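Residue numbers (this note's numbering), protein chains in the order written: chain A, 1 to 258; chain B, 1 to 258.
No lab work stands behind these hints: they were computed from the structure. Check the hints yourself; a few may be wrong.
What the simulated footprint calls covered on chain B by chain A, stretch by stretch (three residues with Cβ under 8 Å from a Cβ of chain A suffice, anywhere in the stretch; the number is not a length) [said to hold, decoys possible]: (1) 11-24; (2) 92-105.
What follows is a set of in silico ranges between Cβ atoms, one per label pair, in the way DEER data are often shown [to be verified]: (3) B:Ser64 x A:Leu99: 20 to 28 Å; (4) B:Arg15 x A:Leu149: 40 to 48 Å; (5) A:Gln154 x B:Ala164: 48 to 56 Å; (6) A:Ala239 x B:Arg149: 23 to 31 Å; (7) B:Ile120 x A:Trp54: 26 to 34 Å.
Away from chain B, derived, C-beta distances all over 10 Å, residues of chain A [claimed, not checked]: (8) Leu42; (9) Val145; (10) Trp151; (11) Gln154; (12) Asn155; (13) Arg160; (14) Ala173; (15) Phe220; (16) Lys246.
The structure displayed is predicted, hence computed values, not measured ones. By construction, the Cβ of each residue, glycine as well, lies at the ideal position given by its N, Cα and C atoms.
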Amino acid sequence: MRINSAAVQNWIVPVLVLVAWEVFGRAGMLPRYLSAPSMILLALWELASTGELWPALAASLYRVSAGFVLGTVAGVIVGLGAGLIPGVRHFFDPLVSFLYAIPKVAFLPIFLLMFGLGHASKISIIAFSCFFPVFIASRHAVLSVNKLLVWAAQNMGTPRQTIFFRVVVPAAAPQLFSGVRIGLAHAFVVLFAAELIGSRVGLGNLITHAEEWVRFDLMFAGIVCFAVLGFASDRILLAIRARVLKGQTIGTEEQGMR
Amino acid sequence: MTAQAWNQARDFIARWYSIPLLLLLWQLAVGSGLVESRLLPGPGRVLTALVTDVGNGTLVYHASVTLYRALIGFLLAALIGIPFAVAMARSGLVRNLFEPIFFFGYPVPKIALFPVFTYIFGIGTPSKIAFTFLECLYPIVVTCYFGFRAVETRLIWSAQNYGASRATILRRVILPAAMPSIFSGLRIALPVALIVVVITEMIGDSVGLGYYITIWSTRFTFANVYAAIIVIGICGLVLDQALLLFRRRAVYWQREAA
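Starting from the given sequences, assemble the full structure and let the hints guide the process.
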């Protein structure tokens, strides 16, 4: 393998950073809060083998998936409705254009007080923040469906239902997925903030506890788990998207984002 | 009243009726004691809190701190991110070295790293700015990179044919051609900056709108929490409109898509 081949160059920076981090960390030249990568791996093993990791991971996973699914389903249904029915659109447009500019996390204290410190408050705030990007994407997607396609279907005497499922939804799907992807990213940000600010279990709590015990290796292990969870969810979404939109993503920006 | 004015008035009501309607329902629900007024103070009390704290300068002060942090982080990300995206688009070596970091790092929820930032930069303004920088850097670099990549080679070739220097091509061909993408990257990053600053202020600080929300929610004075949420919404709208204004001047040959 030649040094200037792309595959080699791709690895240079990450490997250099990790090696430097490890070497300087071992030599005690880094501040104590930057645990060496090998220590983080050991801490991960410790968390997994003592079983401390699993309840935290399960709680975070449950919250983020329930909130994401609820918010996305609501966003798609209301967004498609707003795209198709002017009455629905006129009702939601002013509300969304005002609420969209506000970070939904700002409502967190209100959700915490209404639903308590358990799962319900996290699920509802995650659903609330996922709703907006998904709503906006589905609304725009339906409105930008090429009218010619709909007219062509109507001309051939297609019933309204069939037009909706076979013409409007497939044509809107690519844009809809970009909204869902933004919603997923929001879900993890809100999950982390909620678990740091008011929660008793979850990966966010694991990280805070590790800080309190001055176990920086455990803190990084929690961070790594959280990052992997977010990354893996995005990859799963992209895989679903690739299946649903077979052939529709060729030549678009997202295709490059493999 | 002419028929035209009547139609305009009806259109206006049809477009905006939902906000006053919900305000009315809110007032009715609070007035009838249907919801606990401590959790959901009536619109009147929220307005009073808003006017009082804007009048005595408290909210203005906290908003200025939040805006300062968000804007500095955002501007740093733009100043460093855009040239970096050019370098990635124009040089194969830079691209191969840094592409994995941006494309694999993009879907990772970076918020999990915030605890580490507080150790490196302290809890005050520097850690917020540094973290905002990181969060804004990703959408700016990735979007601009695609924009620079998508510049038609035809245009660059014809400029080369006329004997234009590399610097001239960059300034007069590549930059203008990629300008719309640069602005869409900035427009994704700007609300992210505001969200991230508010979240990190909620997690731990003694100034800023995020802190204001946290402190008033622990005092169970939710009228002030809602007042701060309204201020955040206004900040978001103003920032977005300011960016659109810049866009209209810089990309005068193309109207923005809604």
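Here's how the hints hold up against the structure:
no.: 1; hint: 11-24; verdict: holds (count 7)
no.: 2; hint: 92-105; verdict: holds (count 10)
no.: 3; hint: B:Ser64 x A:Leu99: 20 to 28 Å; verdict: holds, 23 Å
no.: 4; hint: B:Arg15 x A:Leu149: 40 to 48 Å; verdict: violated, 28 Å
no.: 5; hint: A:Gln154 x B:Ala164: 48 to 56 Å; verdict: holds, 52 Å
no.: 6; hint: A:Ala239 x B:Arg149: 23 to 31 Å; verdict: holds, 24 Å
no.: 7; hint: B:Ile120 x A:Trp54: 26 to 34 Å; verdict: holds, 30 Å
no.: 8; hint: Leu42; verdict: holds, 18 Å
no.: 9; hint: Val145; verdict: holds, 15 Å
no.: 10; hint: Trp151; verdict: holds, 23 Å
no.: 11; hint: Gln154; verdict: holds, 26 Å
no.: 12; hint: Asn155; verdict: holds, 29 Å
no.: 13; hint: Arg160; verdict: holds, 24 Å
no.: 14; hint: Ala173; verdict: holds, 19 Å
no.: 15; hint: Phe220; verdict: violated, 8 Å
no.: 16; hint: Lys246; verdict: holds, 22 Å
The structure fails to meet hints 4 and 15 from the earlier list, while all remaining hints are met.
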